[in-house]
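Trainee: Got chain P sorted already, so can you dock chain X onto it with the hints?
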Amino acid sequence: MRDVLQWREPVPLGGTMGEPRARGRFGEYGGRYAPESLVEACREVDEEFREAWADPGFRGALARLLAVHAGRPTPLTPAGRLSEALGVRLYLKREDLTHTGSHKINNVLGQALLATRMGRRRLIAETGAGQHGVATATAAALLGLEATVFMGERDIERQALNVFRMRMLGAEVVPVTTGSRTLKDATSEAMRHWVGATGDSHYCIGSVIGPDPYPWMVREFQRVIGDEARGQCAAELRTGVPDYVVACVGGGSNAAGTFAGFADTPARLVGVEAAGGAGAARGRLGVLHGCRSLFLQDDDGQITQAHSIAAGLDYPGVGPEHAHLRDLGRARYVTVTDDEAVGAAVRLARAEGIVPALESAHALAWVIRAAGDGDLPAGSTVLMTLSGRGDKDVSTLKELL
Amino acid sequence: MTSPALAAGAVERHLRARRDTGRGLLMPYVTGGITPGWTDYLRAFAAAGADAIEVGLPFSDPTLDGVTIQQASETALAWGASTRRILADLAGARPPGQPDLGVPLVASTYYNLVLHDGPEAFCAALRRAGVGGLIVPDLPVHEADELTDVAAAAGIELVLLASPATPQPRLAEISGRSRGFVYAVSLMGTTGERAALAASAAELTGRIRRVTDRPVLLGFGISTPDQAREARRHADGVVVGAAVMRRVLDGAGPEDLRAFLATLRQALDQECDRPR
Chain P
1 MRDVLQWREP
11 VPLGGTMGEP
21 RARGRFGEYG
31 GRYAPESLVE
41 ACREVDEEFR
51 EAWADPGFRG
61 ALARLLAVHA
71 GRPTPLTPAG
81 RLSEALGVRL
91 YLKREDLTHT
101 GSHKINNVLG
111 QALLATRMGR
121 RRLIAETGAG
131 QHGVATATAA
141 ALLGLEATVF
151 MGERDIERQA
161 LNVFRMRMLG
171 AEVVPVTTGS
181 RTLKDATSEA
191 MRHWVGATGD
201 SHYCIGSVIG
211 PDPYPWMVRE
221 FQRVIGDEAR
231 GQCAAELRTG
241 VPDYVVACVG
251 GGSNAAGTFA
261 GFADTPARLV
271 GVEAAGGAGA
281 ARGRLGVLHG
291 CRSLFLQDDD
301 GQITQAHSIA
311 AGLDYPGVGP
321 EHAHLRDLGR
331 ARYVTVTDDE
341 AVGAAVRLAR
351 AEGIVPALES
361 AHALAWVIRA
371 AGDGDLPAGS
381 TVLMTLSGRG
391 DKDVSTLKEL
401 L
Chain X
1 MTSPALAAGA
11 VERHLRARRD
21 TGRGLLMPYV
31 TGGITPGWTD
41 YLRAFAAAGA
51 DAIEVGLPFS
61 DPTLDGVTIQ
71 QASETALAWG
81 ASTRRILADL
91 AGARPPGQPD
101 LGVPLVASTY
111 YNLVLHDGPE
121 AFCAALRRAG
131 VGGLIVPDLP
141 VHEADELTDV
151 AAAAGIELVL
161 LASPATPQPR
171 LAEISGRSRG
181 FVYAVSLMGT
191 TGERAALAAS
201 AAELTGRIRR
211 VTDRPVLLGF
221 GISTPDQARE
231 ARRHADGVVV
241 GAAVMRRVLD
251 GAGPEDLRAF
261 LATLRQALDQ
271 ECDRPR
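If you're matching them up, the sequences are chains P and X in order. Using full-length UniProt numbering, the first residue of the first sequence is number 1, and each one after it goes up by one. Using full-length UniProt numbering, the first residue of the second sequence is number 1, and each one after it goes up by one.
Same shape as in the complex, but just chain P (with noise of 0.2 Å):
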């Protein structure tokens, strides 16, 4: 399938990837969207993070728990047998290597600390995947937080081995019976539960999405990813910055974070969507989770169930950024199948030793095919956020292969 959407050229200038307007908006979407009962929490948030993330004492904090419990930096791997194949040259940005095995643990650590500023001495998560919900256990435990994490029925199933980790960790697993059991249904029901527990819990959302400010603050935490990528490209790249920066696009956290290191450069900046959760692609204008996006709708503005193999990209929408960046021409927004996402999994772990998620495969996938049919120039210097570890994903790819 051809993609529609095109940078615009030559690359804007807006969307640089700062704070968002008033009352939370990029563009036109975002917004703080929340039933009257958690606008007060979302407030809190909202001043809490301000306070903190203006505070060298709180950066200081945050970037020694990433360096001594979450393993960063990350390197910039080249991906050297691979390029050699595409006719690119193509680096791996490689949160893959962090605690817990994605770029989840980034966004966590932070909010984790922002509830312990706040005096809260539980965390709410949803989870899809279950990196999430790993990472949210993990940083619960190290700060001696109470975790409860809401999973779709049928992610617990598909992620077994994910679900014993958080357990083995502490936190409470609920399973979601609701609606298709996956991503969006966990998402509403850890929003119904906060509503009854706004005095003690910290709600941890996971990705670049919900009321404000949470698609900000997300992606500020996960910009270490891209703060990182850039400095390394600097040193590492003639050209100093890449000509494409590729990242897969559930919700759109690790594209956030990656992008935002980018986002003034003139690094052509792409969000490979699932095929079957393409908000970006595929979405319209709506309101969902608390927030103003692009969401798969029927005809009568239900919102459809998303399909992917990978479990993080089962998402019907996309973060309010995303849209943005979208409708600015700043980034483009491609699909890519389930065969597509696995035969790229495959072809990283033989040519480079390295099994990537499920979700991280569909940003490989992009750059092989665009690679093969000349939407990647020859010699193109790209640079590829690897989201996450294939380990979750083996006994899926078992079945399959």
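The reader is advised that the hints may include incorrect statements.
What the hints assert, rightly or not - Across the chosen pairs, the derived CB separations fall in these ranges: (1) X:Ala17 x P:Ala54: 49 to 57 Å; (2) X:Thr148 x P:Ala22: 12 to 20 Å; (3) P:Gly199 x X:Pro169: 16 to 24 Å.
What the hints assert, rightly or not - Chain P residues, not near chain X, derived (Cβ > 12 Å throughout): (4) Tyr33; (5) Glu51; (6) Ala234.
Said to hold, decoys possible - Where chain P lies over chain X, by a calculated footprint (3+ residues, C-beta under 8 Å): (7) 77-85; (8) 106-114; (9) 123-132; (10) 137-150; (11) 188-198.
Hints listed in this document are in silico derivations from the structure and should not be mistaken for laboratory results. Where is the CB? At the ideal position from N, CA and C, for every residue including glycine.
Mentor: Using the frame of chain P, we list chain X on its own:
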């Protein structure tokens, strides 16, 4: 200065008039399209002494609803319910020349369905179907600008919700901008039946009363005559949703619901006869 009662829309005038006779207000809820002949419930509610009826337009992701309304929404959607069909049913339930229900209808839904056709088309469709008010639980007052004027122009009274967590200055803004009545959310939680009326209900209604004389209806968790009676001591009336829909989901027909709502009606009437 115009008195608020004179500037009020039809729903608010109706509720104020009933309240001013000392009557406790009763607004039962039904999920539109829950059964093929669901509009029969409206007539049963009116016969039981409802003062307004809330008609839910089901949404796939009802993030502020507990299990009962979630199930009701799923069931209605599985029957093929949609905003368009429900509004067509409503228009058909009050054919020209036939006696009206005599009770104002208030639609409730999530903002995605309002945005889907655009606020103007959505409000115009409500109006054509004979709906007078609208409740959107995920549209808080600070995001409501886009809908407020459009709704007013279409003759739709946009009801805003107030919560126990709402600070007092914001409560004043909500009460000032709400139309029809102020929907007081009795507790920090989702919709659904509860064993007792939450303590936060009295505190919240007290705070709303300090800033408005608009009718105040308490909702969330009010499911028994005793709870309705207690709620009436604080508010002008009650919204009863999950307790109705649990019965409907269990197979209760319009006549059963008429009998159930009559017990609530009686409780509200008794409470207002008591010396206060």
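Trainee: Taking the hints in turn, state whether each one holds.
Mentor: Evaluated hints:
1. X:Ala17 x P:Ala54: 49 to 57 Å: 54 Å, holds
2. X:Thr148 x P:Ala22: 12 to 20 Å: 18 Å, holds
3. P:Gly199 x X:Pro169: 16 to 24 Å: 21 Å, holds
4. Tyr33: Tyr33 (chain P) not clear of chain X: closest Cβ-Cβ about 5 Å, inside 12 Å.
5. Glu51: 19 Å, holds
6. Ala234: 41 Å, holds
7. 77-85: Check passed, 4 qualifying residues.
8. 106-114: holds (count 4)
9. 123-132: Our answer is that it is violated, as 0 residues pass the Cβ test (under 8 Å) against chain P, missing three.
10. 137-150: holds (count 7)
11. 188-198: holds (count 3)
When each numbered hint is compared with the structure, violations occur for hints 4 and 9.
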